[in-house]
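If you read the sequences in order, they're chains A, B, C and D.
9 is the number that numbering that gives the first Met the number 0 gives to position 10 of the first sequence; each next residue is one higher, with no gaps.
388 is the number that numbering that gives the first Met the number 0 gives to position 389 of the second sequence; each next residue is one higher, with no gaps.
157 is the number that numbering that gives the first Met the number 0 gives to position 158 of the third sequence; each next residue is one higher, with no gaps.
39 is the number that numbering that gives the first Met the number 0 gives to position 40 of the fourth sequence; each next residue is one higher, with no gaps.
Simulated from the structure, these hints should not be mistaken for lab results.
Do not take every clue at face value.
As the list claims (entries may be wrong) - Quick partial rundown of chain A residues pointing at chain B, CB under 8 Å, derived from the structure:
id: 1; residue: Ala-21
id: 2; residue: Leu-25
id: 3; residue: Thr-94
The structure displayed is predicted, hence computed values, not measured ones.
Think of the CB as a built atom: it goes at the ideal place given N, C-alpha and C, for glycine as much as any other residue.
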Amino acid sequence: MSSIIPIEHSLILAFLLFFIGAAGVLIRRNLITVLMSIELMLNSANLLFVAASRQVGNVDGQVMMSFVVVIAACEAAIGLAMVIAIFRRYGNIKTEFLRALRG
Amino acid sequence: MIWMVLAFPLLGALLNGFLLPRRSKFLSHGVAVAAVGSAFLCACSVFLDFFAARRPQLHFGFEWLRAGKFVAPFELAVDQLSGLMILIITGIGTLIHIYAGGYMKEEETTYRFFAYLNLFIFMMLLLVLGNNLLVMFVGWEGVGLCSYLLIGYWFQEEANAKAGMKAFLVNRIGDIGFLIGIFLTFRHFGTVSFTELSSWINLMTTLPDPYPKAIFWITLSFFIGACGKSAQLPLYVWLPDAMAGPTPVSALIHAATMVTAGIFMMTRMSFFYYAAPDTMLIVAFVGAFTALFAATIALVQTDIKKVLAYSTVSQLGYMVLACGVGAFDAGVFHLLTHACFKALLFLGAGSVIFAMHHEQDMRRMGGLRKHLPITHAVMLIGVLAIIGVPGFSGFFSKDEILWKAFIFPTYGPILWGVGFLAAGCTAFYMVRLLCLTFYGPSYQDPHAHHHHHEPHETPWYMWAPLVILAFLSVAVGYLGVPDFLAHLVGGRNLFASYLEGLVYIPTSARSAWTHLHAEHAHSLEWGLMLTSVAWVTLAAGTAVFCYVNRPVRGIAGFLGAHFPRVHQLLLDKYRVDECYQQKIVTPLAEISTFLWQLFDVRILNGCVNWVGYLLMGTSGIASFRMTGSLHRYGFWVLAGTVGILVFSCF
Amino acid sequence: MELPVLDETAVQIIATVVKFLVVLVAVLHIPPVMIWVERRAPALMQRRRGPNRVGFFRWRLWGLLQTLADAVKLIFKEESVPGSAYRGFFHLAPLIGLIPTLLFVSSIPFGPGIEIGGWKISLSVIELDIGALFILAVTGIGVYGVTLAGWASNGKFSLLGSLRASAQMISYEIPLGLSLIPLVLIYGSLNLQQLIYAQSVVWKWGIFLSPISFFIFLICMFAETNRAPFDLSEGESELVAGFHTEYGSAKFALFFLSEYVAMFALSCLCSVLFFGGWQIPFVSHALLVSLLGVNLAALVGVATLLLKAAFFMWLYVWVRWTLPRFRYDQLMNLGWKFLLPLGLANICVTALVLAVMGA
Amino acid sequence: MIELGFFYLFAVIALGAALGVILLKNPVAAAMLLVVTLCALAAEYVLLGAEFSAAIQVLVYAGAIVILFTFVIMLLNLGQEEVGQLMGVSKWALLFSLLTGAAIILIQRLSVGRLPEAALSTLGSDNVYEVGMALFTRYLWPFELASLLILLAVIASIVIAKKPTLPARDA
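This is chain A alone, in the form it adopts within the complex:
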């Protein structure tokens, strides 16, 4: 089966997904959508791991993929908690209100 789906296909798909996710981070003002875009980017990394695992013929890539899932879960949990806290503080979750770091 491995010869049927060349790894270049997975690579291109992963890159496209990654840039869709990155674009989402850049163009959206809604924090939740930004977080979802980050999930997209993480998923493209996952796809790369799995494809690489297939390519080199061992399971390390899949193991890494499961670690990435753990990281994604942590990121979502904390990110969403922060979204809730921000909502409580500012009354909305638009990113342009979060400018406390302006120098």
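Here the structure of chain A is known, so what remains is to put chains B, C and D in place on it, guided by the hints.
Coordinates of chains B, C and D only, in the frame set by chain A:
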């Protein structure tokens, strides 16, 4: 088995400190006694094993520290000295633990008390068993810590907390000496293991200069450590204050075991001291004068525990004197007998205090003989033992020390004379204590007590340990009957021959110590002995004359009226504490304040603040790109990533 | 014209499609039967008659036809959508709820394989090596139907009901997953068919080897399907009817269908995991095959599994009419503070025992 | 060839849904499309022979993480208003297409002779077992750390999201 000896007290401390429910006093007491008792049984077994084999045994635990050439294994050694010490520690420890259950039964936090006490036993065992200076130092610091915790056990009162702090700080001075000693030892010999060090010293015979100057400094440093722990001049000041702790603590830590650590340590390193005669002279004089100095202060103290505390300092002075004149075996023997009778005296005093509802002033006691018959009997035995009445243990050990001092070639008779005077003082103040407490009419202040309980005898589990200790106070003396007396019945000094393998004089140093084994006329020995017996009898008789059935104020007035300045000086304990306060503590505090103001506030804080101001001033220049917009930041991160990717591809 | 020769892949694809259709049709018959049971059973318990009038001339058939009438009513009722609803999701939600449950049922091995024309065909629609994981995954997806339904209705009760339901389902998925792990440890496979084969004799049944797992699984079965005593998401006394308050007619029927399909699937899974699946106790499969042939034996197996599942369906009804409803905090406490630690402890103990026995 | 066809199918689904995630204004719709993307990716994993990864992808991502998103969206009631405005779309869209094009060129260059040859000894069909073995032997330590991390994340998120209802102790 040796590890079990260590494990039981540690387990007891952990159980009482962290794991067990804290409500039940019975449980905490039981666990503590069981822990120390089991340790005692194991120690007996270890000792018998050693005694049968007659060879020092090393027990390697694990490699503890390694740094370059420096290796410190966690290694235990069982030999004549540590075998004896673990018996003393766990045996007397067990008795005192049993006693403490009764003494502390009105306390709320007995678990804390017993956890500390068990931890102390563990640390003390570590101290005596360690086969190198570092393990010993761990124990050394550990017992210091436990002592601090237990002195300040009633920390709600500021005086007690301060006494604990004082003990800790004064001990630190000694500890610095100890540490410097360890550093010097490692620098010169490259090892900290006792076994290796002793073989080094033996090898040094072949060197052209058998006594390098370094040994003088090493031994002096260790002696400073011993001064701190064993309360010698000038570092003795913490021990009287340490009586702020509960009486069983005073008995166990500040009389029987911990304070003898200095003597133990010097004996452990006797091979060093034999090779440093100059240090030995200093040691001998410090010991002798401490003995006299503390004994004179004890003459006029009115607090029963303070008298015993100064007496302890004085007796420790005897032991140090013994070490100083090269009679380490006599010193250790006195350590053994002193552990028995001083523990007995402290516990007896504790029983009196307990019966008097925590009254410690002897002027308010008196006539307790009929209320506390058992306590009286055992206290009497203890007093007879400490003042050196023939037939009791103190007699044999103290006379051995005085005799060895007398034959010391440098200033021997002077040392003997100082010790002799101190012996008289000892007899006087101990008999005074006995008379004020147990004989004559009662001077209880009837208004001071809300309750009208008569003083009553303590429960059996408090007096039973006393009886055992009283028996020991008599019996252990016969282990060390001097040779010239023992020859009369065809025996010899069992104790000295027991220690023979341990306290040996390095070949290089042998010429300086010929007097120790030289033959002397028995008539001289007899004469000295009879003189000291007569002197003690005289002093004791004076005390009886002065204090039995006499109103206390009258006698105090009598003495005070005739020697007012001397009396006041003694009452003020030679004003040593005040002197320390004025000459050392206050200037130190002033210097510290000055340094704090100058260095910390001005220079250090100033530097840090200045850097901060600088950055705050300049950072505005670079911050125009900090728009605070997440998207802009994200874009640059992404652009950077792509840039790196492109760069890495071409 | 010559018939094209069938190869293995084609046969399997055709078989899968056929099996799926069979399961779909079969599954459609569960709600009517169950509705009848749900109405007759309380009657039985409360010593009354229950629906027994609708009939065909003089054959009343114990009221069986009543459900037919109900179904007809449900399907032909007028459909109404609240004005403020999010229409797309409102229509989509019931389907999203149904699909995972259908996938769930599809992964159940209903019997040993059969042989048609020399082709071996397994009796689960999709046979996976990771069947147990697959089931957990699709249960996770199943939450979306409920959540979306409540949210899309855009009403207070619906939203509350759906939040309750989905929180409950997520919470109980965890002990459900934990209860499967000891079985996986014991039997050494995630493949449901192999799990069944591993339980070839009665004393190797899951319920005997891991009774605590069974206990946890049983509780989670009720919670996952939002059935009494954990039916607070409906809670008619508090939330009117929870997430499907606004739904009527055919879409309501779809929710109904997915609830009963989920019940059925979980009942089957319970039989598979803990009661030897399609195997008849004390009668070995080999014996059956030698007596009846492969295909008949498989049929007997299917019947056995259905019988076992039927018992658990009955248990659902039984419990519903026996136990009162939990309070919401009690439900969450049970899930997080009791079942979760119990499940973890169960895994540890099982692993320990296995390690000791292995050593 | 049928696998390749499926690969393209799911790739198109994933990309389309992903575009939907970032372009749709309704956050719930975006979340649902995210689920679609994730499931399509899970299908890709199956095609790549990683059944275990596919299962946890669905189980954890779709079953837990996105549900969390949905919950938060519902709790904050974001569906009611149009919050999902774009930021100067045209400028960014231009940039985005440029970047994508650059990336694809890069992959072309990369894939010429730089990628490892496909291993002939492909994984056995039962690679759940192999993944498990790897996780609990070679990767045991990272695995335990990951569990610790997620515990911390759980606690942290509770602390962050909790309403500050309790008054300060001394106040």
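Evaluated hints:
no.: 1; hint: Ala-21; in the structure: holds, 5 Å
no.: 2; hint: Leu-25; in the structure: holds, 5 Å
no.: 3; hint: Thr-94; in the structure: holds, 5 Å
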